[in-house]
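Sequence lines, in order, name chains A and B.
Residues 1 to 495 in full-length UniProt numbering are what the first sequence spells out, letter by letter.
Residues 1 to 495 in full-length UniProt numbering are what the second sequence spells out, letter by letter.
No more than 25 Å apart at the CA atoms, straight line, and that leaves these computed lysine-lysine pairs for DSS-like:
| id | chain 1 | residue 1 | chain 2 | residue 2 |
| --- | --- | --- | --- | --- |
| 1 | B | Lys188 | B | Lys163 |
| 2 | B | Lys316 | A | Lys38 |
| 3 | B | Lys38 | A | Lys432 |
| 4 | B | Lys429 | A | Lys38 |
| 5 | A | Lys491 | A | Lys83 |
| 6 | B | Lys429 | A | Lys37 |
| 7 | B | Lys58 | A | Lys328 |
Hints were generated in silico from the structure; no laboratory data involved.
Protein chains: 2
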Amino acid sequence: MLDTLDLDLSLDKTTYRSQIETLMENLRSLQQACWEKKLPVIVVLEGWAAAGKGALVKKMVGYMDPRGFAVHPIWPPSPEEQKYPFLWRFWQKLPARGSIGFFYHSWYIHVLEDRLFERVKEGEVPMVMQHINAFERQLVDDGVAIAKFWIHLSQKELKQRLKKYASDSLQSWRVRPEDWQQEKNYDKYVALAEEMLVHTSTGPSPWTLVEGDCQRWAKVKVLTQLSATITEALDRLHYRTPTPIIPPQEQLNPSEPNLLAQVDLNQSLSRTEYKKELLREQVRLRKLQQSIYEQQIPILILFEGWDAAGKGGAIKRLTDVLDPRSYKVNAFAAPTDEEKARQYLWRFWRRLPTAGTIGIFDRSWYGRVLVERVEGFATETEWRRAYQEINEFEAQLSSDGYVLVKFWLHISQEQQLERFQERENDSFKQYKLTSEDWRNREKWPLYEVAVNQAIQRTSTPTAPWTLIAANDKYYARVKVIQTVTDAIRRKLKNR
Amino acid sequence: MLDTLDLDLSLDKTTYRSQIETLMENLRSLQQACWEKKLPVIVVLEGWAAAGKGALVKKMVGYMDPRGFAVHPIWPPSPEEQKYPFLWRFWQKLPARGSIGFFYHSWYIHVLEDRLFERVKEGEVPMVMQHINAFERQLVDDGVAIAKFWIHLSQKELKQRLKKYASDSLQSWRVRPEDWQQEKNYDKYVALAEEMLVHTSTGPSPWTLVEGDCQRWAKVKVLTQLSATITEALDRLHYRTPTPIIPPQEQLNPSEPNLLAQVDLNQSLSRTEYKKELLREQVRLRKLQQSIYEQQIPILILFEGWDAAGKGGAIKRLTDVLDPRSYKVNAFAAPTDEEKARQYLWRFWRRLPTAGTIGIFDRSWYGRVLVERVEGFATETEWRRAYQEINEFEAQLSSDGYVLVKFWLHISQEQQLERFQERENDSFKQYKLTSEDWRNREKWPLYEVAVNQAIQRTSTPTAPWTLIAANDKYYARVKVIQTVTDAIRRKLKNR
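Isolated chain A, as found in the complex (with noise of 0.2 Å):
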């Protein structure tokens, strides 16, 4: 594949001036549009060392509002960032909508240098590739314009470079030892290339193979791809078709199985009971915990289920016995406008539970399949594609280590009913109640078809979904707690 570029391909000094100067003005008037459009965009550099990276995002971002765009150059992995699944990293230097983030080595480093340097173990390399792959495309299908460049070099061209360098005074600090590798180990590190490439080249972000040999040819080359890139991505956004209006689902289809109502509502404990099993379950998640941090597992516990399905006392009674500088728990209602400004994941991203503790999710992801779907806010297209992105994104956790346990708080229509009378009546937990809950509930049908389906499409082996029998709160808490006391004792037998 890389043999066939042809390195010999050059421009004289006129035709790049003539060519560069126009294509800069153009760049300069994508960036505008992209901030107006609040188009954003992702180029990624990826080449031999010496390669000219750096100058080219100088002369990407030479005609550039400084404003509108940031760089990141991509080292390995800090302490911190290791205690992460490896893609945390490169969310949270996601562009918002409007600006375009330079990745200045990316996490192709991941299935590159890592792997020249056996950081990374082989078997993984095929996962982290699928795992690349689903971020990019969940990426360009949030409207991200994702522009990848591999810039490649000839042996002879690479060493010459790293001898010019390393001996001017100016440059000499930024030859690393590992570069001097790249060149003894050439050939090997042509064929990882290779098969990164043909691996991560996808329809939606495809590669750009750039002769870098020549520092003009390979400069024109790169800006002429992404100006059309940024164009295309514009376009797109014009021609966009308007969403057709479904009318919503009020019924599973005949096919589908209605699992909330296999559900035995009827489960229940007396207080006698509760009290000592609620014990006895706490006792077994406290000893636990001091087995997850000593081996560093994280654990994502998230929370769905009806208003007022008592979400808030099983969380209550789940940290009551763990010791709180091991636990967070994340609440999600509206998102911040940062959080608007990024596919939809990112917040999620963002407040992932470190190894060794416990972030507990009071709602969760799901609302891209749920609320958002029920209230229109995601269109029919976003929430279909969301089961997907929520299977990966999950698998990524599980393959990082995580303990993932997604509950489902499960009540009746009648109880429902019960508790919001209640609350209104009782001065103290007035405040729990709000209008939004009544018309939520006036729509329990067509959120009753989204869960099934959700839980249908999301339960995987790694991440199963449980639902819990909660029309009566003792049995509800119990279970849960068990629940993720089992989860973890099966995770620490099969380590």
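Given chain A, put chain B in place with the hints provided.
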């Protein structure tokens, strides 16, 4: 001081039970009130190892809604955190309005454990305490309620507890080698703690000394004081006197110098001079960049100035020669809602450049005493107080080694009009001109007073203002880069 504490104070179980239940119920409704009134609360727990801080936090959050608080265990700073002023990591963890942040250990480890283990220079301790006092006062002035607890133990009790924990398989992992050092150096540690308590028990945020030998006593005392602190803060909100409406100041006081009027706006460069000098300065800057990186010096350059004074163009010329990986331009317009939920300096703390890089701020914290003052977004009390807050903030940056360069780009009113008209007629620049610019222009005299007073009150030896004559863009651009390179060179010389 600490030896006056009566460590024999204790509570029997019955009294404890009757008191604690009421206290916890009370704390629960206080949390709800904090949420409703948007009152942020910070709780600091310091004291001996094994003093029961963990159990205390557990007790305090026991009745709370887990969605309204966060617990922050504080360890020695990570390598990333060490690249910022020591308070940076605590600013990052600031609770949003309405939330409660529990700091289990805190910024005080820098004058306590760091001192015992000689990780901080003795000569720097007074300055660190000064920064801490400023930090807390700024927060209290912003409406944060701060409760600080020192949990004291006798040497005998400390030793007993450490031994007990070390022999308990469920607790032993919590006893660090450092904790035994506290016991071995009991008297020295007491002396350090006393010095800390004396210097940081201030009017706005006093310490509460807690007799810790009896855990029941300690719990009741801490909960009682925390309730009192929150109640008081809520009362202050309630009885807040309305801000008197003061007519905006249209002229400087007779005793104040008009610094802007002293700028010679006739200074200019010919195109030939400009090209020559710009190149010279840019080359100098580029060479310095290497030293900045090697010596890990953080640089912060902020731009303020009249609308259309040429900030964008000056920033462009400044960054033109810089390696794009080494700088970041941050433009500050209206704050996001996450930023509005915290003290106004928070948004600048979170964007600080790290050691070895250059942060360029297009507008800055001076908005507090400029636009917020003139437009009435900040009350008179707030903007008057801000001069000191800003000076304290900048002093923290300087003492951490930051090079701080502050520009006011000055133009005449006539020059501004000319540029506005030019922008109106240039389709390419039209987007730069908004109706707000015209409105601001009408308030020129008000801004003139605000700018003059701001510059005068915040020009310090380590963070001086530079007024740039910007009627001539050529002159201004060269002068800006020159000022930056001079500042960096001074820093390199004085290290």
